[in-house]
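**Q** Please arrange chain B on chain A, whose structure you already have, making use of the hints.
Protein chains: 2
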Amino acid sequence: MLQVWALDGIPEITPGDDLVTVIADAAAGGLADGDIIVVTSKVVSKAEGRILAADDREEAITAETVRVVASRPTPNGGTTRIVQNRLGMVSAAAGVDASNTPHGTILLLPEDPDASARLIAAGLRERLGVEVGVLVSDTLGRAWRDGQTDHAIGAGGVHVFEDLRGETDAEGRSLVVTMPCVADELAAATDLVKGKAARRPVAVVRGRADLVGSLDLPGARSIVRPLERDMFRLGADEAYAEGFAAGAASVTPSSAP
Amino acid sequence: MLQVWALDGIPEITPGDDLVTVIADAAAGGLADGDIIVVTSKVVSKAEGRILAADDREEAITAETVRVVASRPTPNGGTTRIVQNRLGMVSAAAGVDASNTPHGTILLLPEDPDASARLIAAGLRERLGVEVGVLVSDTLGRAWRDGQTDHAIGAGGVHVFEDLRGETDAEGRSLVVTMPCVADELAAATDLVKGKAARRPVAVVRGRADLVGSLDLPGARSIVRPLERDMFRLGADEAYAEGFAAGAASVTPSSAP
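Sequence order for the protein chains is A and B.
In this text, residue positions in the first sequence follow UniProt numbering: the first is 1, and each later residue adds one.
In this text, residue positions in the second sequence follow UniProt numbering: the first is 1, and each later residue adds one.
Next comes chain A alone, as it looks inside the complex (with noise of 0.2 Å):
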């Protein structure tokens, strides 16, 4: 049985806050070893600090930005862009944030969201004793398929991967190919009791304790595809504009003076 619920009684978070002692004081006392606490990574922003003007949005965006996916004109004639941001995440507009933030104001992702979640659980586990798990996590759109779903981009003492690899099917196969990304799956029940209008910015799942360990473990950084394994690093488009002034450039008589 896996147990997920929001915490109540979290509080407008501003720069400078402890989330550990924010956390703490709203689980008062109902955490357990093996819990795995999900926070959005927009209160792990605001108390780090990552807070700009909006007037700044785009200039935010571009300096988040790694490498331009794919973009596209929207009808209200701005642009969706699709990036790779310094993380490693590909999303739109680099994470960088204009919902449920201060009026006149956008949140950057946090700067490192693996060390965020680490220092959370660090803190957690030291501060009450009782060995938990820290994922942050983002709302994400994804290829092929309509909506959003939260998504782990940070993970302190949880396995981000369920490891399959010499475990065998009940037809005593082998189950190589398969390896839930367990912390995405975490993320995306916990978004069921948060509630994108409410201030419910975090939530415990309790039932996987076996996903809970050190907090050397790989985090959410290991989820992401390297560029070189991923078959989708561009747009169609924008792969296919490529190629087209790659292949006129090819037969293009080399006749420069």
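Just so you know, the hints here were simulated from the structure itself, not pulled from any lab data.
One or more of the hints may lead you astray.
[Said to hold, decoys possible] Here are some of the chain A residues that sit facing chain B, going by a computed Cβ distance under 10 Å: (1) E12; (2) T14; (3) A27; (4) G172; (5) I223; (6) D237.
Nothing here was measured: the structure is a model prediction, and the numbers come from that model.
C-beta atoms are modelled at their ideal positions from N, C-alpha and C, and glycine is treated no differently.
**A** Chain B alone, transformed into the frame defined by chain A:
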């Protein structure tokens, strides 16, 4: 509080089995109004007799494929084919499955997973007198991120999206862009209790009765992004190659005889 648990005592499913009876027996009176039952597509396929000899695997993948999105050689000399199948889903091998199947056999996806989900939901509602919803789930890889997560490929009597249009965030701004795909999040949550190696293909989610509704609700087919809005309708290499050929052709002198 969300509760998620797998049903024990689901027997090996064979063609012709009635999943309504199987699930009702395994639940043993433990279902309530608003519960959402998530059934692994594998057992739906088995019950529906979607079983072929393993020798026909490549042929079956081709038959299920509407459109090749990307392909790449594997280290062992095979080919990974990412394709869009007749259900609109983009996945590896068109969902043709060789794990947890009787030796020497493969499984096709259910003919119409939305219809399967509605049939099971209708049957359980009638049999047990409780208004439950049903999702059919499948394990899918993702663009940009390693590992797999479970997704909804069929839905009966469950809202697949949480519609936040018209709602505002805590600062009063519209949440119009956000449309959480709760069906995929529910499927992901149940993967955490099903296990891949165990024979626990049916799980129950309790605590989101607000997502359960009429059997006429749109199915999981509505999650598939239409091709004209899909920025990743083709792999980067494939789109580049198409563009290259078109670019080369665009400047080749038309000197054909």
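**Q** Tell me, in ascending order, the numbers of any earlier hints that this structure violates.
**A** 2, 3
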